[in-house]
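Visitor: Sequences and hints are given; from them, build the entire structure.
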Amino acid sequence: MVRKIIIYTSIFPSRVRPLHGLYVAGLVKSLASSIHVSVITPVPVHKNIKENLKGPRRYYFSDTIEVKAPLSFNFPKILKSTDGYFMAKFSRRAFKNSVDAGTDLVHAHFAYPDAVAAGILAAEVRLPLVVTVHGSDINVLAKDLNRRNQILKTLQRANAVIAVASDLKRKVIELGVSEEFVYHVPNGVDISKFCTGNKVRARKKLGLDHYKRLLLTVGNLVPVKAFDRLIIALSHLEPDIGLLLVGEGHERAKLERLAQTLSLEERVQFAGAVKHDELSVYYQAADFLVISSHSEGWPTVIFEALACGTPIIANGVGGIPEALSSSELGLLMRDNDYRTIVQAISTAYERDWKREAAVSIAKQHSWDEIAKQYLEIYEKVLS
3 MVRKIIIYTS
13 IFPSRVRPLH
23 GLYVAGLVKS
33 LASSIHVSVI
43 TPVPVHKNIK
53 ENLKGPRRYY
63 FSDTIEVKAP
73 LSFNFPKILK
83 STDGYFMAKF
93 SRRAFKNSVD
103 AGTDLVHAHF
113 AYPDAVAAGI
123 LAAEVRLPLV
133 VTVHGSDINV
143 LAKDLNRRNQ
153 ILKTLQRANA
163 VIAVASDLKR
173 KVIELGVSEE
183 FVYHVPNGVD
193 ISKFCTGNKV
203 RARKKLGLDH
213 YKRLLLTVGN
223 LVPVKAFDRL
233 IIALSHLEPD
243 IGLLLVGEGH
253 ERAKLERLAQ
263 TLSLEERVQF
273 AGAVKHDELS
283 VYYQAADFLV
293 ISSHSEGWPT
303 VIFEALACGT
313 PIIANGVGGI
323 PEALSSSELG
333 LLMRDNDYRT
343 IVQAISTAYE
353 RDWKREAAVS
363 IAKQHSWDEI
373 AKQYLEIYEK
383 VLS
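Take the sequence shown: its position 316, counting from 1, is numbered 318 in my numbering, and each next residue is one higher.
Bear in mind the hints are in silico, worked out from the structure with no lab data behind them.
Keep in mind that the hints are not guaranteed to be accurate.
Listed next, with one range per pair, are the computed distances between beta-carbon atoms [as the list claims (entries may be wrong)]: (1) TYR87 - ALA359: 44 to 52 Å; (2) GLU181 - LYS206: 34 to 42 Å; (3) ARG353 - GLU280: 22 to 30 Å; (4) SER35 - GLU358: 26 to 34 Å; (5) VAL142 - LEU21: 15 to 23 Å; (6) LYS277 - LYS155: 33 to 41 Å.
The calculated BS3-like cross-link candidates involving lysine-lysine, where the alpha carbons are at most 30 Å apart (straight line), are [claimed, not checked]: (7) LYS6 - LYS365; (8) LYS173 - LYS31; (9) LYS31 - LYS365; (10) LYS256 - LYS82; (11) LYS277 - LYS365; (12) LYS277 - LYS70; (13) LYS374 - LYS277; (14) LYS214 - LYS356; (15) LYS195 - LYS365; (16) LYS374 - LYS356.
Backbone N, C-alpha and C define an ideal beta-carbon position, used for all residues, glycine too.
Guide: As structure tokens, this is what we get:
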């Protein structure tokens, strides 16, 4: 019976990056109600150097979960293929200090460099390795030959590989991992944080009550999210429709200029980064959550929105078609061309949506339910 595990991942909330890896944190919190969980989260020094150097090397998450955050010196460009080796090297002491006779297994999130590093460390102390892949680690990083070889070797040696979407599971098997050891478990949602609310009051609270109709999108402001196409689409929609973008990123200035060029300054709002605990009211205020991305794994924002009763309009990439398995939950787009987005939004506003169906589906994906599936896999690994 599994009693104690180590979660190894560089994607985890910290004082410096409080919104980083919330989907991993959600799982960790639910697992910790049944077993002992400690977290090792290597911190890449080359990113936000000053902030990361100031960050604590050891802290507690959710009061009872110990987190160790060793500094990790990853290298840029030509030396990126060494990231796994150096992540293991610089986190070895923290890892070995976390292992004792009662530790059952190591669970790494993200195939590269995290799982590669965790695989090295787990082998040194002869512990089983479980790996969860999330999307870009397989869809993007595995395209590089050197990284792909390291990823494949690690996943083939792992005792279990968990993909957050069926499409991702298929790609892991096609990569060369035995189907016998590959599972599909989606990301979940914290239904204690995300719930339905009054739309009028939510908009008033956010200062958005001047909008007759409101679209929401949530994510890092980066090219893969294709927010530029969404803004262009807005310029072809009725003038009473507004767009609220929640998130930060290096594309923000470019997107703001695009909105100005299209004379949409009054219709496009940039909310910036929003604390996870405060995100529910944004979903409550919106008519629809729009996902225009070029690629995705299993977007956690889908079930956050559904838990708030907000239907989805999304490009059908990655795990999105699987997540939106019922037409009651939203509309799937065949692509993310701005004309397709315009048509989908117009169609969505013509429909009568039953928000109760969305909430019901979201509850089936609570983190507590997802944690049960992980615990079953842990037991199989240890049997």
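Visitor: Give a verdict on every hint.
Guide: Hints, one by one, checked against the model:
1. Evaluation of the 44 to 52 Å hint for TYR87 and ALA359 yields a pass: the beta carbon distance comes to about 48 Å.
2. With their beta carbons about 52 Å apart, GLU181 and LYS206 fall outside the hinted range of 34 to 42 Å.
3. Distance hint check: the CB atoms of ARG353 and GLU280 are about 29 Å apart, consistent with the given range 22 to 30 Å.
4. For SER35 and GLU358, the Cβ-Cβ distance of about 28 Å falls inside the hinted range of 26 to 34 Å, so the restraint holds.
5. Take VAL142 and LEU21: their Cβ atoms lie about 21 Å apart, and the range 15 to 23 Å holds.
6. Range check, LYS277 to LYS155: Cβ separation about 39 Å, and the 33 to 41 Å hint holds.
7. For a cut-off of 30 Å, the pair hint linking LYS6 to LYS365 stands: about 27 Å separates their Cα positions.
8. Distance check on the hinted pair: LYS173 and LYS31 sit about 29 Å apart at the alpha-carbon level, within 30 Å; holds.
9. Between LYS31 and LYS365 the CA atoms are separated by roughly 17 Å; this keeps the pair inside 30 Å, and the hint holds.
10. Distance restraint check for LYS256 and LYS82: the Cα-Cα separation of roughly 28 Å lies within the 30 Å cut-off, and the hinted pair is therefore satisfied.
11. The suggested pairing of LYS277 with LYS365 holds, with an alpha-carbon distance near 22 Å, which does not exceed 30 Å.
12. In summary, the hint linking LYS277 to LYS70 is supported, as the alpha carbons are separated by about 23 Å, within the 30 Å threshold.
13. Distance restraint check for LYS374 and LYS277: the Cα-Cα separation of roughly 27 Å lies within the 30 Å cut-off, and the hinted pair is therefore satisfied.
14. Under the criterion of a C-alpha separation no larger than 30 Å, the hint pairing LYS214 with LYS356 is consistent with the structure, at around 20 Å.
15. Proposed proximity of LYS195 and LYS365 is supported: the alpha carbons are some 12 Å apart, at most 30 Å.
16. Of the pairs offered as hints, the one joining LYS374 and LYS356 holds, with about 29 Å between alpha carbons and a cut-off of 30 Å not exceeded.
Hint 2 from the earlier list is the only one contradicted by this structure; the remaining hints agree with it.
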